[in-house]
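Each protein sequence line maps, in turn, to chains A and B.
Just so you know, the numbering used here puts 797 at position 797 of the first sequence, and the rest follows in order with no gaps.
Just so you know, the numbering used here puts 1004 at position 4 of the second sequence, and the rest follows in order with no gaps.
Derived from the structure by calculation, the hints contain no laboratory data.
The C-beta atom is built at its ideal place from N, Cα and C for all residues, glycine as well.
The reader is advised that the hints may include incorrect statements.
To be verified - Just some of the chain A residues that point at chain B, by a computed CB distance under 7 Å:
1. Glu829
2. Asp848
3. Asp850
4. Val857
5. Glu861
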Amino acid sequence: VPNNFEAYLLDQIHAATIVVDTNGAVRFWNHYAEVLSGYSREEVLGRKGIDLLVPETEHSRVREILAALERGESWEGQARLRRKDGMLVEVQQTITPLRDRDGRIVGRASISLDVSERRRLERELRQAITTLEHVMSTSPLAIINMDADGNVTMWAGAAEEMFGWSADEVEGRPLPTVPPEELERFQRIRERHRAGERLQGVEARRLRKDGSKIDIAIFSSSLFDDEGGFAGTVAYVADITDVKRAQHRLELLNEVTAAFSRAVTVHDVASVLVQQGRNALDATEAAVSALAAHGAASGVIAASGGDGRIVAACSQVATARPGRDRARRRIVWLDGSSALSEPVAVPYRDLGDIAVVPLVAGQRTIGAAAFRFARPAPLDSERRGFLRALGDQSALAFERAELFERERTARSNAERLAIRLSQVQAVTDAALAHLALDDLLEELIERVREALGTDTATLLLLEEGGVLSVRASAGVELEDVAEVRTAVAEWIAGRLVATRRPLVVEEAASGNFPVPQLRRAGLRSVAGVPLLAGGRAIGALHVGSEQPRSFGREDVRLLELVADRVAVAIENSRHFEHERTIAETLQRSLLPNRLPDVAGVALAARYEPGGAGLKVGGDWYDALELPDGQLAVAIGDVVGHGIEAASAMGQLRNALRVHLLEGAGPAEALRGLDRLVHASESGEVTTLVCLLLDPGTRRFRYASAGHPPPLVVEPSGAARFLEAGRSLPLGASTATIYVEATDELAPGSTLLLYTDGLIERRGHSLDRGLQRLAQAAGVGTEDVEELVEHVLRELLEAGQHEDDVALVAVRPLPVPAGRIMLTLPASPEALRSLRRVLGRFLHEAGADRDEAFDVLVAAGEAAANAIEHAYGPFDARFEVEAELAGGGVEIAVRDRGHWRPSRRQGRGHGLSLMAALTDACEFERDETGTVVRMRRKLRAL
Amino acid sequence: VTLATISVDPRAPAIVARVSGEIDLSNAHDLGQQILDAVPSDAAGLVLDLVETHYLDSAGVRLVFEVASRLRDRGQTLVIAATEGTPVRRILELTEVGQVAQLHDDGATALATLTNERRAGLGRP
């Protein structure tokens, strides 16, 4: 137990000092113990301290402590004591065993310091720190403190998130965030810090740990120690990257807009869009695809960055949005991580986020732009706004560029047209020689359309009766609109013809004529001029465009120029067509309508007009049966072309007929024609072959006035040219002596007469031509029609002949031996045919002239009876059968009429002749008709 | 197609109509008309020259009889030229044309006959 002095001292200290004996009874209780516990010294002396002060919850711990003390060890630690008023007090306690001089433990002393207040302060501090830490950790700002040396002492708030480094990586070191290019500026900021300057939102660029850069704003103040020395800085840093980006984008948008306004071509616009748009959006890849006028994707017109995999998405969106709804302006956002929504159902998952912006100008979707973001870049409203602005600006720019391009194209086309006009002129002139009017107009109209770069071009002409009809057109034949366009074309032409002034509709947006019609026809702009010839409107020419475009004075002047050319061409062509038509008509009329129907002879003829233009030739042919039963065939070629040649040929043909009918032979006929040619005004030189054939005997006479030799083709294919009977052409000399030759056809042979157009080929000799003809004609054909077709096909490669060609084939038909059967019309003209065929039959049978004559007369009388008693006016026919039998010929003439032999005046001669000229003659009559049977012996049989 | 043509020689002392070609039902009537038209009413007669006629049947015979009949009505004479031995001559003989017209071998003889007859006729009182 302390003595008084010790007790006095112990009362002075601010620690509860308590001494207990080995029984735990209190022996000393200093003043502070009274203060701490609330118990006075008098109250506790002799009482057990543990009972007084230790709360029940601490009892087990106290037993451990007491055990330690009994082993002679001291204890020090924290404990809680219960005050007299029941409050618990936290104390720092030291308990030491007390020993006597012998070292025996006689008690223990405890010294307790009240630590409750400290604990409270500590708790409050901790709370404050927690709060601070919370504030700092949720702060959008980074809190960065540095010491005077520039080492980081605090890296808090949003610092880690903002820059990527953790506090551990940064604290105690210099700032890692300053990029090299900012170092100098950073040093200046440090100097300002040292000078005690507060920074309020100084902007800077800083590095992130991943190497990317962010924009920050710094708010800071300096720290100074007690002596006033610079101790460091406290800084709050805000990430203003997005703000800066938005600002930057606005600037970029302005730049892009400016660039768009400078962009001249569609491709300029597209490349501005992909390059500057990509930069502005910080996109990895960009692409633009444009739509063609009718909504089909015309493909990607520009791309930048990446490997083009978004191109497909771009095209798809562009084409998927042709509708008129508001949705077509919607930006399609393809979130790289989520499922894809319409309309792009293509897996672009791996690519990252993709934004596709439809480009819409007015009501028209003109394309789409796509931007791909490799780094996640959510479509916030700022970005969406930017995309839309970009889309709108570019759409406007595209439209402007298209217009500009069209105008420029039109202008350059106009320049080209100036050159082309000379070509048009050339074509026009050349066409006069060989293009028919319609071909010419089609050609011109296509060129006009090309030259002006319009979608349609139409030429209409006034027909008789004042009707305008489309004569040539380009671009109006589109399905769906053809009818409307034709109607509109006629309407506009009507206006042009009526006013005789040009008409220009720049933009068929609203208004009266002809806007509603144009819109139905899908046209926005038209320009047209009347076609004037001699001050008279003969038609109209106009062009139309599906897109709005302006037609300048140059365009109209150009149209007028073309219209002039067209008008001239039309007038010339009309004149030309007129003359050509006359010449052709003349020529056609001068050629036999059809070949004479000569019994027992097959005839075929062709006339092929020359290649083109006014080369209506002077080629002609003729065939006629002469009164004596001979067949006259002629073919000729008047030198020269056109109406004069055709009319000369007509004269010759008629003159030849007269000569031949008067009984002239071939040479004599040529002499007559030669005189005619020399006497005529024009005196055209003419080549001609004239040939007289007796179909019964197959003998023929012929004469040639300088004409290519006729060809004889035998059934075997053997061919020979008739080289005899040749003289000079008609009109060549007044002293020409015409000669003729006689020849005979083997049975089944064919005579071919032709004009030189058939055998003359540029670059080939005449001999080669003759050789080809002989070869071609050598094919055995049953039918002469086939033969001429074959020969023409073989010798005239399609469209290659410039000169016209005439060709005649003559083949006496073989007479069937022994028996013939004829069916003839019941008309007097049939008698002649009957005599021809029957005559040849009798000739072949060996009958002499008189016998043959008798039989022909007898048969003719029977036939005349049949004809006179024909049972009806239409299609009456009778049959004649002749047969060699019993050393003579038997003839039967059958008809469907019912008549009796009559002895009336005249008719009696017929009956008596039949009886007189035959050996037997009898009549049979039944319900089907009447048969006359006759028999006549022939000496040769 | 013309089967036969007629030529009339105006220089001859009498009318001579020469038919070349063929005469049948198809042309006989027309030919007869043309021949009669060629004979003025004051002519003494007509020489019908059939030397160049290659065919003639009952229609031709009828023509001859008709022409003869018309001429007789007008007091005129018909003389026919057709070469002896030719088929046409034979037809004329078979049908007894000789009853209405004299038959001669050629046109010149026929013409002379007509002229002489006329002279004889003139000499008649």
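Status of the hints after comparison with the structure:
| no. | hint | result |
| --- | --- | --- |
| 1 | Glu829 | holds (5 Å) |
| 2 | Asp848 | violated (11 Å) |
| 3 | Asp850 | holds (6 Å) |
| 4 | Val857 | holds (5 Å) |
| 5 | Glu861 | holds (6 Å) |
Checked against the numbered hints given earlier, the structure breaks only hint 2 and satisfies all the rest.
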